Every structure is written in structure tokens, then in C-alpha cells.
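Enquirer: Residue numbers (my numbering), protein chains in the order written: chain R, 1 to 300; chain Y, 1001 to 1472.
FYI, nobody ran anything at the bench for these hints, they're computed from the structure. A portion of the hints provided could be inaccurate.
Stated by the list, open to error - Looking from chain R toward chain Y, a few residues come up when the C-beta cut is under 7 Å (computed):
no.: 1; residue: 1
no.: 2; residue: 4
no.: 3; residue: 15
no.: 4; residue: 153
no.: 5; residue: 155
Remember, predicted model here, so these are calculated numbers, not experimental data. Note that CB positions come from ideal geometry on N, CA and C, so glycine has one too.
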Amino acid sequence: MKKFILKVVAYLVVIITTYLLLGFLGDGYTDPFYLRFTTKKQNSLVLGTSRAAQGIQPEILNSLLLDSVDKPLYNYAFTLLHSPYGETYYNAIDAKLNKKISNGLFIVSVDPWSISSRSDFDYEIETNKELGKISFYNCYPNYDYFMYAYPKSMFSLLFKKKDTNMFVHNDGWLEINVSMKAAEVIKRTMFKEKQYITNKEIYGFSEKRLFWLKKTISLLKKHGRVILVRIPTGHKILKIENSMFPDFDNLIERSFNGELYLNYKNLVDKYVYTDGNHLFKESGTEFTKQLAKDINNHIK
Amino acid sequence: MLFNSLEFLLFLPTIFLLYWFVFRQLKHQNILLFVSSYIFYGWWDWRFLSLILFSTLIDFFIGYRLNLSTHRNKRKFLLYTSLFVNLGLLVFFKYFNFFIESWIEAWADLGIQMHQTTLNIILPVGISFYTFQTLSYTIDVYQRKIEPVTNFMAFASYVAFFPQLVAGPIERASNLLPQFYKKRIFNYEFAVSGMKLILWGLLKKVVIADSCAVLVNDIFQNYQNESGLTLCMGIVYFSFQIYGDFSGYSDIAIGTSRLFGFNLMRNFDYPYFSRDIAEFWRRWHISLSTWFRDYLYFPLGGSKGSLGNQLRNVFIIFLVSGIWHGANWTYVAWGGINALFFLPIFLLKKNRKHTNAIEGNLPSLSEFLGIMKTYMLVTFSWIFFRSESIKDAVRYIERIIDFNTFIPNTIRHKKIIPFLLIFVFFEWISRKQEYAIVLDKKYRIVFYLSFAFLILYYASVEEKTTFIYFQF
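Sequences are here, hints too, so could you generate the full structure?
Expert: Okay, structure coming up:
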């Protein structure tokens, strides 16, 4: 018996040690989410969906924002499928938030989709995605993520491609590097617009999501200042949003009367988009500078 | 609880340590096995534990009464009660909706519309397996082949023994039950062989079956748009999927049992190296084939009596075996096709021509041709087994033989082929052994670790799949 157990343990030690070591290979190239769940609790956050994940660069905010803000800011925005406002995102934010601070800054990106639900599912889809699957949001390596949310084997970390067009920075910003040749931008834009035309049919305003957005903002307000932001997007998608939800801006202003709402939706032509929806990274830099300037004006 | 789950990875060593270090007395070990088996099953859905317990109580009681009674009619009554209760539960949970729907469809074909009333019935995992296992006990007691048990805990543990509870091997009371009375002594070699079986079984399931499953699902879902060659690859992959899945489960079950000192019957014996269809059926799902042979085929008369009766018996056993697999006409068709394949060698009385594994390093030409022919026949029948309906199966075949669309523009789904060839090679060199990883001492550590890492590489937790035979 002793020999058997020793042998099994020896094999297990080799296997488990290898597995544990593999966890240290996880980084910003692993996938668009992993790194966000490996950092400590944060004092100030950027929240929202992929528009915020790609369009708001914490590094620029951290260098331009006034020192009265508890910096650094951390980009904790994901995608429309993963982080529309709801219980799942609320719990993930709650877990990421450093509850000891009271002068944080929380940039909450909003758009009609982030407070809408899909009619083709009878449950909130994000519950089955990364944020809904894990229980630990702040540990490195995050084995919880690898076991329950990472769609591949941990061994794939050995073969990850560093030439991928996606990279998550240590401040949470998701950098996207795609060709900006006109023909390719047009192709991506057409695809994205088609996708949003379909989305218009299946998404509808959700009272429940608005409730969770309110709850999220109440939580954040206990720990600092909340600023609501509407990030600009391309003409066609804005048109879809306006027709789908013409009263969106009024609803946000009505619902969050005391909060600052920076609405940039009309600055469409000022920026360049990779696919008619997301800001190109250089435009993201310009937009973030504009955002920092406007925030400074208000918090002076 | 799935064998390829994290829960089981924690469950197994916990029970193992408790079994050998804490509950060292036979009586206590049986209680531990009973409780752990119910936890194992209840992990899936605790409500159905009542069904197993009910079957256990009925058959324990009937076995006991059978022993007391010498009156022929009374004994028959007790046997029929057991058959009625056990098969009744099986039929209700597995076939109720199927029979209702088939009945309505049959009338609809005659132009008579009937109101459809089906129930929302959940199929309890493994019901076909444990039902057959408890039935084997009652029938054996009735036929006085075994003595009935007096120890309820031993009997309940036999019925619910977790390694083989949900997908077999379907054990005979005469083999497994006595092992619950005997003091189990830890045997190093036996336990090591168990670990090897678990490793090989996991490899078959996770690396072979699950990889093939992705391709098979893709091909069968879109078969109308696929080329004939791709469809051929689809059925070849399915043949590996179902073999890897089911024999992998059996290996893990047998291996796990060995860790607790139990020896279960062999369920697969390298079936794809069979030289004729009769040999295939002696090597595939052995515990079910022999169950049907002993409890259905022989009582019907087997290969005795008139030719008509013999043919009837062959068809009955194959058709029943088909419907046992699921409530769908596709399984019946699958059974019928196999009966047709079996018939020629049965009539020529060549069904026991090949009873040993092939000698030599390579097969002779006639053996090779025999293997290929058998594999092709078996694989053809898998089309019916895998398709959603008979109509789909027929269209799938029509699409294969449409030579205008046989050659695809690009051959997809080919990355897995080297893995399958390596797998076949391992199986071939091990075909005379009990399992495929009896390796030279010098290299075995490297192989075992490589296998383990390969399993972990493929074992994406998110896409952890259940075993096909759980549904049967």
C-alpha cells in the first residue's frame, strides 16, 4: 500500500507542479479577460463594455487627471456579452473594488446595449460567460479562471501566439492592433453594422439592467465619484441606437440626476473606428485625453 | 458525477483512503461503498436515488422469498413481479413517450389524427444498466444458480457500486456479489493495473472520443452540405468516438473497482480487430451481449430448434439490443442491420470461426481483409446509430453515394488522423493483453506522464463532455 501511494503521489506531484507552473505563463496575451482577474483590488475603475475596454486608456487618464483623484485607474470593462449591467457584472465589480477608499473615480460607460437584454435567451447570457463562472477575481495566477472559464487547456499557454492582435495591458486596457487599410476597415464596418442590425431585433431595454446599473452606481458612490460616459461610435451604429432607443440620454439623465453624464455621441466624426463601433487606438488616445480634460474641469 | 470531472478527482482518493485506512472491516467498507455510490449517483440528480433504492428493496425481498418458496407457481409469480417492476420502471422512464409518439405517428400515416399526450419524463442516468444488473440477480436466484443474499448492505452496494453504476459493465450477481462478502486485501499489482486502466480509459475518452465528437457533431449537423468523402470521415470518426467513449468508460470503471479490490468483467476486447461480425459482437460491449445471450437468447431456444426459430431468435436479440440503447427507431434499425450482417455467417455456421486474437506481428492478407470488411460493416451501421432519424441516416448514405459531390474542395477535419493512427497502433500491439498500455519498464514513466499530460491538454474543463452511454 505504501509503495502504491508513494508512486501515485510522485506522479501527481510531477503533474500538479507542472500545472501550477503553467499558471505563471498567463499574461496579457492569454485572452482578452484573464489579466483583469489577476490584479489586486482597485481604487478607481473604468467600467462598461468593449467600447470602454478598447477606447479608454488608463495610462493617459493616470497621467492627466488631477491628483485629487485616487489613482491609478484600472480598466475593468469587458464586452457586451460579458459585462452589460447586471448582477454578474455587479458581483465582479464588488469583488474588484477596494472598499477601504472613499475618493476613487469611477468612469461608467453607458450605451443603449449595456442596459438591454436579449430576447433570444430566457436568462442573462453573461451568467454563462467568464465573469459568471469564476469566484476569485483578484489572484495571480488565477487557477479558478483557468479551471472554470478559460476555454482551452492550460497547456495552450505554452504555445500562445504573441503576434495576436489583442493584448491586455497591466492597467486593464485592451489594445487592438488591426490593419487600418481602407478596404479592411470597410469590410469590418459592414460586418459590424450587419451584426448590430440583427442585434436591434433581439435586444430590448431591460428594467432589470437599469436597476443593476443603479445598484452599481450606488455601490461606487460609497467609495468615490461616479462619472457616466457615452463613448462615440460610428454613424450607422449610432443611427441604429437612436432609432432603437431614442430616449436613452434622457433616461440616463433622469435616472442619475446627481451624476455627471459626459455624452460624446455627437463627436462621431472626430474619431476613427476600427469597425464602425470601436475607437481605433490612436483615436482612443485622443478620446481619453478629451475625457481627462473634461473630468478635470468638473472636479476642480 | 463524471469520471472526467474535478469532483471525481477529489472523490476517488477520498473514498480510497477512507476505505483502506479508516473503514477497514468488511461490513464498514460495504457501508462506505454504499454511501459513496449514492453520493456519486445523487451528484447528478438525488431524486432518482429513490428509484435505485426501490429496485434494490424489491429484488432483495424477492430474492429472499424465492429462497423460502418451493412452490413453482409462487416462485414464477415472484420472478414475474421482479420483471414487471424493473422493466416497468425502465419502460416508463425510457420508452413511454417513444411508444406514444410512434403510436400517434402510425395512425397519422393512416390519415387519423390523434391528440398527442406525452409526459415530460427525465431519463434517469444508467437506468438500463442497473435494471439489468438487478434482474440478473433475481433470475439467477430463480434458476437456483446462486444463493440469495441475506446481507442487505452487500446487496445494495452490489446494485449501486459506483464505478459501474451508470454505464456498466453490467455485472452478473454470480461474479460481483460474492466479492462483497469476501474480505478485500490490498494487492499492489492489482491496484497498479487499475491505475493503468484508468489512465488508458481517460486517454480514450478525453483525447480520442472528445476530439472526434467535435468533428462528428459538425459533420452530422451539416451533412446535407458536406461532400461524400467528408461524410465517410464523419462515420469513421464516430466509430472512434463511440469506441473511445464507451470502452474508455469501461476501462475507468474496471480500473476504479480494482483500487477497491474488486474485479469486474471485461467489456471490450479490441473489437475493431475482429475478422467477422460474430467476432465483433463477442468483443464489443461483452457484458450486454452475454446478458442478452444468457437471459434472452438461450431461454428463447438459442441456436436449437427449427431454422425459422433460430433466425427469429437472432433477430429478436439484435432488435432488443438496439432498442435497449434508446427510444428511437434508429437504434432498432441499427440492431436490424447488424442482424442482417450476422445472418450469413450464422447460416453457414461460421460464427465461431475466430475466437482468438490474431497471432503474429501483422495480419495475413485474409485476416486484414476480414478486419477491413468487418470494420466497414460496423461503421456503416453506426450511421443509423448516430443519426437523429432514419430519414437522416438514409439521406446521409445517399449523399455519400452521390459521386458528383464526393470529392470536397478542401479536406477539412484531418488533423486528428495521426492521433487515430497512433491509437490504432497502440491497440494493435496490445491486442493480446488486457489493456493497451502494458509497457516496457524502461520507458513507461515517460509514456505514463506523456499520456497524463495529453489528457490534461485535451481536458478543457469548459467543454467537459458526458459519456454517450449515460443516456442508455
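Enquirer: Sort out which numbered hints this structure fails and list those numbers smallest first.
Expert: Of the numbered hints given earlier, the structure breaks none, since each of them holds.
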